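*Asks:* Each protein sequence line maps, in turn, to chains A and B. All the letters of the first sequence, read from the start, carry residue numbers 71 to 457 under this note's numbering. All the letters of the second sequence, read from the start, carry residue numbers 229 to 413 under this note's numbering.
Worth flagging that the hints you see were computed from the coordinates, not collected in a lab. It is possible that part of the hints are untrue.
[To be verified] The calculated label-pair distances, taken between Cβ atoms and stated as ranges, are:
no.: 1; chain 1: B; residue 1: A403; chain 2: A; residue 2: Q102; range: 54 to 60 angstroms
no.: 2; chain 1: A; residue 1: H274; chain 2: B; residue 2: D350; range: 51 to 57 angstroms
no.: 3; chain 1: B; residue 1: S361; chain 2: A; residue 2: R101; range: 30 to 36 angstroms
[Stated by the list, open to error] Under the rule of at most 30 angstroms between Cα atoms (straight-line distance), these lysine-lysine pairs were calculated in the DSS-like manner:
no.: 4; chain 1: A; residue 1: K253; chain 2: B; residue 2: K295
no.: 5; chain 1: A; residue 1: K238; chain 2: A; residue 2: K423
no.: 6; chain 1: A; residue 1: K411; chain 2: B; residue 2: K395
no.: 7; chain 1: A; residue 1: K410; chain 2: B; residue 2: K295
no.: 8; chain 1: A; residue 1: K222; chain 2: A; residue 2: K192
no.: 9; chain 1: A; residue 1: K352; chain 2: A; residue 2: K410
no.: 10; chain 1: A; residue 1: K238; chain 2: A; residue 2: K253
no.: 11; chain 1: A; residue 1: K192; chain 2: A; residue 2: K238
no.: 12; chain 1: A; residue 1: K253; chain 2: A; residue 2: K222
no.: 13; chain 1: A; residue 1: K219; chain 2: A; residue 2: K253
no.: 14; chain 1: B; residue 1: K329; chain 2: A; residue 2: K352
no.: 15; chain 1: A; residue 1: K219; chain 2: A; residue 2: K192
What you are looking at is a predicted structure, and each value in this text was computed from that prediction instead of being measured. We put the CB at the ideal spot given by N, CA and C, even for glycine.
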Amino acid sequence: MSNDRPDDDRDLERLLSEAFDAKAHANFPNRQQPAPMRLPDHLSPHRHRHHRGASRWLAPLAAAAAVIVVVAIVVGLSGSSSNKPNAGALGSPTITESHSASSGQSSSAASQASSSAPATGKPVHVSSAVLSDGSQVGVGMPIILLISKPLKDARPFAAATRVTVNGKPVNGGWYFERKYGDKGNPIEADYRLPAYWPAHAQIHMSLNVKGKSAGTGLVFDNNLSLDFATGAANVLTVDDSTNQLTVTSDGQQWPDSGTTFPVSLGATATPTRRGTKVIMEKGNSICMHGPGYNECGVRYTQRLTYDGEYLHAAPWNTANIARGINSSNGCTNLTTGDAKKLYGFLEIGDVVKYPNADGSLMQIGDGYGDWNVPWPQWQTGGLYPVS
Amino acid sequence: VATCIAVHPGSEVGPSRADSPSAGRVDVPTLYQAHWRYLVRLAVLLVDDSASAEDVVQDAFVALHRKADGLRDPDAALAYLRTSVLNLSRSVIRRRQVARKHLKVAEPEAGPAADHDVLLRDEHRAALAAVRSLPRRQSEVLVLRYWGGLSEREIAESLGISAGSVKSAASRGMATLQQRLGGAR
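Could you put the whole structure together from the sequences, leaning on the hints where they help?
*Replies:* Okay, structure coming up:
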């Protein structure tokens with residue numbers, strides 16, 4: 071995302087990540103098991119043993135320290151209780167609120183034009199989940215909108231949508247799904263064309279639904295508009311029979327015609343899902359866990375599914391990557407060098423195809439699985455009929 | 229089926245679905261098992277020594293335990309724990325500074341004993357020392373950003389400051405580090 075920064079900065083970032091990780095592991099190696107949890111009842115006598123043991127001279131300050139601890143806990147409590155609603159949003163698309171806020175503003179200014187008498191009823195609000203004005207994304211990125219109430223009629227919504235690519239109207243379609251884990255937005259609507267967006271294109275969407283009915287007793291309370299762009303058409307294919315990942319960018323193999331990237335995919339018990347996935351987010355260094363592992367500092371990660379498939383560096387698995395043996399928990403393991411190259415080159419919305427992986431077909435709700443819904447089915451509108 | 233699950237929502241923003249195994253009631257012992265290692269590592273980067281780090285994390289879980297009924301979302305619980313660790317670490321450092329001020333004579337000049345640091349490479353030790361010398365907020369932001377894997381917005385929420393302050397703390401911290409370490413690399 072930040073390719074314009076000087077190399078110095080990136081070197082320093084890497085040094086910091088490594089130094090932090092080295093210190094964290096030196097003090098708490100993976101083999102070290104958690105000390106038993108000390109619960110409040112039997113806690114008080116032993117709590118500050120380290121400070122007390124280390125410094126007898128601290129005794130006169132013990133009372134003050136205790137006060138500070140109490141204050142700190144109170145601060146912790148109040149700090150995080152105020153944190154709670156936000157923290158809850160961690161489980162849902164974190165950027166939703168800020169983006170919907172900005173797009174809400176731009177759209178409220180955009181138009182109030184509903185010529186007929188406005189419908190009345192409970193308000194239904196629409197917001198953008200990922201894209202905002204000025205976003206640049208890969209050609210596989212759907213427009214994802216969140217809707218604050220289940221609709222009773224989605225046809226006015228579909229009819230009020232205008233999408234242009236480089237100024238020319240296009241005929242894509244909405245597909246509605248129930249959305250889990252986000253109480254404020256029980257419905258998700260995704261928009262895509264029959265095929266990927268054109269590369270290097272300017273895309274505009276306007277949804278003039280304010281005042282329009284969403285079915286009996288429901289009325290949309292805002293308009294929404296989005297202006298975003300696509301970059302190069304980057305399409306990755308991960309072949310499970312050769313264990314090679316191939317990149318094409320605007321139709322040309324990348325970085326050159328002879329280069330593919332060896333991978334290790336999911337082991338038999340934890341197979342990688344089949345189908346077309348889209349890069350959802352990127353993380354330079356994150357923590358992952360699963361049965362038997364809990365690792366921080368996993369580098370160059372690019373997320374593909376909500377249930378946890380990523381492209382990422384797996385320096386611990388280089389032997390299997392080189393030999394083409396599938397041994398991961400479902401992730402696509404790459405050498406650090408390759409993962410870094412791909413991390414630097416790809417962006418959110420780029421397409422990653424797994425035509426012959428062993429797992430079941432990736433579903434639309436498990437990430438941006440929109441391309442796994444065939445176009446004729448897409449046109450029905452999913453949860454709600456659109457025509 | 230596939231389970232390279234990222235537990236610590238860092239830069240990732242994916243909704244955890246209601247039917248995913250991570251959803252449900254907050255169970256403190258399970259959270260302790262799942263997050264202890266991440267949190268003590270975070271704490272040791274803030275307070276420098278492992279004994280204080282373990283204490284900080286114990287206290288954070290005690291605070292969570294008192295509150296567990298009010299927290300249903302495991303992700304919210306992790307955010308709560310992270311904020312507690314930050315606040316408690318800060319108070320450990322403050323306590324240490326108070327103690328040092330009162331005991332200028334007895335206290336050796338070297339910082340707190342970071343016994344495990346002898347295992348580190350020189351360049352890492354130099355980088356960590358440089359981070360320690362930064363103003364508190366800058367070092368917190370850098371730890372959360374480059375080790376914790378948090379987004380700017382999550383850092384802002386954890387520290388209770390604006391996203392703009394996160395950005396400026398990070399860039400000021402990086403500029404200072406670039407100055408201090410730049411020549412050495």
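*Asks:* Hints first: check each against the structure and report whether it holds.
*Replies:* Results of checking the hints against the structure:
1. B/A403 x A/Q102: 54 to 60 angstroms: The hint (54 to 60 angstroms, Cβ to Cβ) is violated, given that B/A403 and A/Q102 are roughly 36 angstroms apart.
2. A/H274 x B/D350: 51 to 57 angstroms: Cβ of A/H274 to Cβ of B/D350: about 54 angstroms, so the range 51 to 57 angstroms holds.
3. B/S361 x A/R101: 30 to 36 angstroms: holds (32 angstroms)
4. A/K253 x B/K295: holds (22 angstroms)
5. A/K238 x A/K423: holds (29 angstroms)
6. A/K411 x B/K395: Cα-Cα ~26 angstroms, so holds.
7. A/K410 x B/K295: violated (41 angstroms)
8. A/K222 x A/K192: holds (12 angstroms)
9. A/K352 x A/K410: At roughly 11 angstroms apart (the allowed maximum being 30 angstroms), A/K410 and A/K352 satisfy the hint.
10. A/K238 x A/K253: violated (36 angstroms)
11. A/K192 x A/K238: violated (35 angstroms)
12. A/K253 x A/K222: Measuring from Cα to Cα gives roughly 18 angstroms; hence the hint holds.
13. A/K219 x A/K253: holds (9 angstroms)
14. B/K329 x A/K352: This hinted pair is violated, its Cα atoms lying about 45 angstroms apart.
15. A/K219 x A/K192: holds (9 angstroms)
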